[in-house]
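Given next are the chains, with one letter for each unit.
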Amino acid sequence: MSTTDIKIEARDVDVFYADTHAIKSVNVDVQDKTVTAFIGPSGCGKSTFLRCLNRMNDTIDICRVEGSIKLDAEDIYDRRVDPVQLRAKVGMVFQKPNPFPKSIYDNVAYGPRIHGLARTKSDLDEIVETSLKRAALWDEVKDRLDGPGTGLSGGQQQRLCIARAVATSPEVLLMDEPCSALDPIATAQVEELIDELRSRFSVVIVTHSMQQAARVSQKTAFFHLGELVEFGETTQIFTNPVDSRTESYITGRIG
Amino acid sequence: MTDMTTPSAAPARKFQSLYERSEQIEMRHKKGTALRILGISAITLVLFFLCVLLWSIFSRGIPALWQYQAEISIFYDPAILNEDGGAVTPEEIGSVSLRSGFERGIYANSLNQSLREAGIDTAAVVADRYAARTAELLAAANLADGAGSYLDDFRSGSVEGGDIARVFGQSGSAVRAAQTALDGGDVDAALEALAAVVTDLEEKGFLTASAQVAAIAEGLSAETTVQASTALAATGLQTALLDSATLMREPAEFDEVSFATMIYAANRRDTRDYLVENPDLVGEAETVRVPVSISLTRYLTGELQGADKSDMPPGFDLGHLAVADAMVEADIINRHFHWRFFTNLYSQSGEITGIGPALMGSLYMMLVVLVFSLIFGVAASIYLEEFAPKNKLTDFIEINIANLAAVPSIVFGILGAAILFALTDLGIGSSIRGTALMGGIVLSLMTLPTIVIATRSALKAVPPSIREAALGVGASKVQAMFHHTLPLAAPGILTGTIIGIAQALGETAPLLLIGLSVSTGADILSSPLSGGLLEQTQSLPTVVYLLAQNEDAPVRQGLAQSAIIVMLILLFLLNFVAIMLRRRFERRW
Chain E
1 MSTTDIKIEA
11 RDVDVFYADT
21 HAIKSVNVDV
31 QDKTVTAFIG
41 PSGCGKSTFL
51 RCLNRMNDTI
61 DICRVEGSIK
71 LDAEDIYDRR
81 VDPVQLRAKV
91 GMVFQKPNPF
101 PKSIYDNVAY
111 GPRIHGLART
121 KSDLDEIVET
131 SLKRAALWDE
141 VKDRLDGPGT
151 GLSGGQQQRL
161 CIARAVATSP
171 EVLLMDEPCS
181 ALDPIATAQV
191 EELIDELRSR
201 FSVVIVTHSM
211 QQAARVSQKT
221 AFFHLGELVE
231 FGETTQIFTN
241 PVDSRTESYI
251 TGRIG
Chain Y
1001 MTDMTTPSAA
1011 PARKFQSLYE
1021 RSEQIEMRHK
1031 KGTALRILGI
1041 SAITLVLFFL
1051 CVLLWSIFSR
1061 GIPALWQYQA
1071 EISIFYDPAI
1081 LNEDGGAVTP
1091 EEIGSVSLRS
1101 GFERGIYANS
1111 LNQSLREAGI
1121 DTAAVVADRY
1131 AARTAELLAA
1141 ANLADGAGSY
1151 LDDFRSGSVE
1161 GGDIARVFGQ
1171 SGSAVRAAQT
1181 ALDGGDVDAA
1191 LEALAAVVTD
1201 LEEKGFLTAS
1211 AQVAAIAEGL
1221 SAETTVQAST
1231 ALAATGLQTA
1241 LLDSATLMRE
1251 PAEFDEVSFA
1261 TMIYAANRRD
1271 TRDYLVENPD
1281 LVGEAETVRV
1291 PVSISLTRYL
1301 TGELQGADKS
1311 DMPPGFDLGH
1321 LAVADAMVEA
1331 DIINRHFHWR
1341 FFTNLYSQSG
1351 EITGIGPALM
1361 GSLYMMLVVL
1371 VFSLIFGVAA
1381 SIYLEEFAPK
1391 NKLTDFIEIN
1401 IANLAAVPSI
1411 VFGILGAAIL
1421 FALTDLGIGS
1431 SIRGTALMGG
1441 IVLSLMTLPT
1451 IVIATRSALK
1461 AVPPSIREAA
1471 LGVGASKVQA
1481 MFHHTLPLAA
1491 PGILTGTIIG
1501 IAQALGETAP
1511 LLLIGLSVST
1521 GADILSSPLS
1531 GGLLEQTQSL
1541 PTVVYLLAQN
1551 EDAPVRQGLA
1561 QSAIIVMLIL
1571 LFLLNFVAIM
1581 LRRRFERRW
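Keeping their order, the protein sequence lines are chains E and Y. One point on numbering: in our numbering, the residue at position 172 of the first sequence is 172, and numbering is uninterrupted. Numbers in our numbering are just positions in the second sequence, counted from 1, shifted up by 1000.
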């Protein structure tokens, strides 16, 4: 593994919510074109850490981040960095599908529009079509792009959200438990999608399902009580964990 | 628990049938029923009072909008307009002294002429009414037999009412003397007085009454004076004769003044200005509907029947009532919808008062409130909700906004008045005093907290996931706010705004303090774009206040209620708009 492959490099990251120490000195390297899974019991800080990667925690007043997180060797918490610009590079898909109450087309076109990615209407049409195709939603919605995004089923909505995130051509895609609100079929579709997305982006996924982590990720990080307990190849974590806590968690004894 | 391990030791479970309610269930049902009854009775009470309120407003306000108007042909008599005779030019009309009361002459003469044309002889009508009423009075005391000839003479005009009054008065005095003598117990004097009464009544043709008195005089002794006195009083002769005398003294010529008390003569300034504008009308006649006077309205509505003095409309006597009845019969007076109420300026005179400028002033103020409070309110809410740091200062501001919403409106009025005084010192106070702009700004201040609170809760109600989604694709805070949160909060904001505006529409106290009730120059305003906001005006609630204060007939007629109905309609329209906007903008997420 060469250093040029490393997309995000987090060093000694501490996160505080007021007086609560939520993340304790975490070091993680996210590789390019790889799916990295964050697993761990509820409240272990994996989502918090994920949200640090595109500074979504900025919107929470009492949240404070220390340490360094570098995207392509640039510190994203540098004073010169505008979080808006960062989020264009690091897209995010949330736990609950949250399409805008607008048409499917407008949902996908929103990002490209505000970032000025399309000069003409046909450019925009193309971006929308490509994004929806990448999110494996095109065939289902191509005849009703003017229909409301909220009118889709849960799985479709989540794929719409993925299309929306993909449309801004991010370099990293963060997914916060993207399948927790979906049924097994929709989950399978989304997982398949994640595998495809890997060819273009670096994907970081937070999940509660260890099977899912095992299925989709190449790297896995296990969080416990705000600490990064173990980080390594997924196969190694699931077959031969180093730490006893990891073993306990994946065998179902804790968590 | 060792006994748990031995089931046989457990106490036998008591059988509880599902068909019987346990005590606990019974209790719960009772509580539920009590709550339901309480709720229903509360709603019933509220509905009852609402119905009473609406009924009291509509039952008075609606009929008041139908005004008694006399359709007469107004003749703009050059002789009145120019006392020296000769031609009447617009300049001359313009210089007519407003003190001369010229308009009264025009209106009274025209009314007189119109009645004559309708075949009403006012003198005869008046005489008839007096004669009839006198006949009634006399008939009540068995005096009908002699009354006829006198009253016929009176009707025909051959005898003056005063002369007849003297005749009746003498007889009445004689009866009174007899009564006094009887009360004194002096039999001789009483007999003498009674004999005089008998002779007097006989002479005048009141034979029945004369016989009655003679019967009382017969067999009068010292012991029977008391009974005799009672008997004489019971005949009612004294009262009937003296009252008739009073009544017959009353009839006066139905002159210009009398005519003028029947109808409302237009404001003399208005009449003059009207003629200056339309000089061709001088010497011409035009048929117009003139509101009848307040006294006449009170008679026509049945409020004052004129049965006796205390029941007589102010400035009226029986003659006025007779002429009024004749006018109604001749179809000259009718009830017509009072359109002018919606265009006229507020006036002390109930006949011509209106809510025209007030309605416009209120609408203009609502416009000002909408612009000011919506812009500032939404801006303040967005800042506080989205951008302001959470610290002691913003907490303080937040608490004070909530407090501000509870500040009595008159405090804002005082604030407005203080600003007005300051502006007056700067020399521009008089130009802004009583204008829709000033009123609107004060009302905006008052409405602002309401709108801020409503807007903030509407913004808070938008699911954070929408905002996160926007931020997640790289929208800035401002973009997330204006592209997503604000449109989704719009229905709530609009509802809050309309509630605020509706509240402002009904506010009286602050407007009274900044001179919106006394704006003398108030007239129909120009459009807001051409300076209408900077013209002196009135507002609906202040006019309602003035109408309710007015001791003139409008309140009795219910014009204050009519103005309230207009306000209510405005409010309903506002609410309707609010509902429509909600429907239009409401989106599900």
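Quick caveat, the hints were computed from the structure, so don't treat them as lab data. Hints should not be assumed to be uniformly reliable.
[Unchecked claim] With a straight-line cut-off of 30 Å between C-alpha atoms, the simulated DSSO-like cross-links for lysine-lysine are:
hint, chain 1, residue 1, chain 2, residue 2
1, E, 102, Y, 1014
2, E, 89, Y, 1460
3, E, 102, E, 89
4, E, 33, E, 142
5, E, 70, E, 102
6, E, 96, Y, 1390
7, Y, 1309, Y, 1390
8, Y, 1309, Y, 1204
9, E, 96, E, 133
10, E, 133, E, 102
11, Y, 1390, E, 24
12, E, 70, E, 89
13, E, 70, E, 24
14, Y, 1460, E, 96
15, E, 70, E, 96
16, E, 33, E, 70
17, Y, 1477, Y, 1460
18, E, 133, E, 33
19, E, 121, E, 70
20, E, 96, E, 24
21, Y, 1460, E, 102
22, E, 89, E, 33
23, Y, 1392, Y, 1309
24, Y, 1031, E, 121
25, E, 89, Y, 1014
26, Y, 1477, E, 70
27, Y, 1014, Y, 1031
28, Y, 1477, E, 96
29, E, 142, E, 121
30, Y, 1460, Y, 1392
[Stated by the list, open to error] Ranges between beta-carbon positions, derived for each pair:
hint, chain 1, residue 1, chain 2, residue 2, range
31, Y, 1584, E, 62, 37 to 43 Å
32, E, 146, Y, 1579, 38 to 44 Å
33, Y, 1388, E, 75, 26 to 32 Å
34, E, 80, Y, 1375, 30 to 36 Å
35, E, 16, Y, 1426, 53 to 59 Å
36, Y, 1388, E, 82, 16 to 22 Å
Glycine residues also receive a C-beta, built at the ideal position from the N, C-alpha and C atoms.
Keeping to a limit of 30 Å between CA atoms, is the pair of residue 89 of chain E and residue 33 of chain E held or broken?
holds (14 Å)
Please verify whether residue 1014 of chain Y and residue 1031 of chain Y have alpha carbons no more than 30 Å apart.
Holds, at about 26 Å.
Distance restraint between residue 96 of chain E and residue 1390 of chain Y, which requires alpha-carbon spacing of 30 Å or less
Distance ~28 Å between residue 96 of chain E and residue 1390 of chain Y Cα, so the pair holds.
Check whether the Cα positions of residue 70 of chain E and residue 102 of chain E lie no farther apart than 30 Å.
Since the Cα atoms of residue 70 of chain E and residue 102 of chain E sit roughly 35 Å apart, the hinted pair is violated (cutoff 30 Å).
Between the beta carbons of residue 1388 of chain Y and residue 82 of chain E, is the distance compatible with 16 to 22 Å?
holds (20 Å)
Does residue 70 of chain E pair with residue 89 of chain E here, judged by a C-alpha cut-off of 30 Å?
holds (13 Å)
Pair hint outcome, residue 1309 of chain Y versus residue 1204 of chain Y [Cα-Cα no greater than 30 Å]:
holds (28 Å)
Holds or violated: residue 96 of chain E with residue 24 of chain E, Cα cutoff 30 Å?
This hinted pair holds, its Cα atoms lying about 27 Å apart.
Quick one, are residue 142 of chain E and residue 121 of chain E close enough, alpha carbons at most 30 Å?
holds (17 Å)
Keeping to a limit of 30 Å between CA atoms, is the pair of residue 70 of chain E and residue 96 of chain E held or broken?
Distance of about 28 Å is within 30 Å: holds.
Are residue 1460 of chain Y and residue 102 of chain E close enough, with their CA atoms no more than 30 Å apart?
holds (20 Å)
Regarding the pair residue 102 of chain E and residue 89 of chain E, is the alpha-carbon distance no greater than 30 Å?
holds (24 Å)
The structure fails to meet hints 1, 5, 7, 19, 23, 24, 25 and 32 from the earlier list, while all remaining hints are met.
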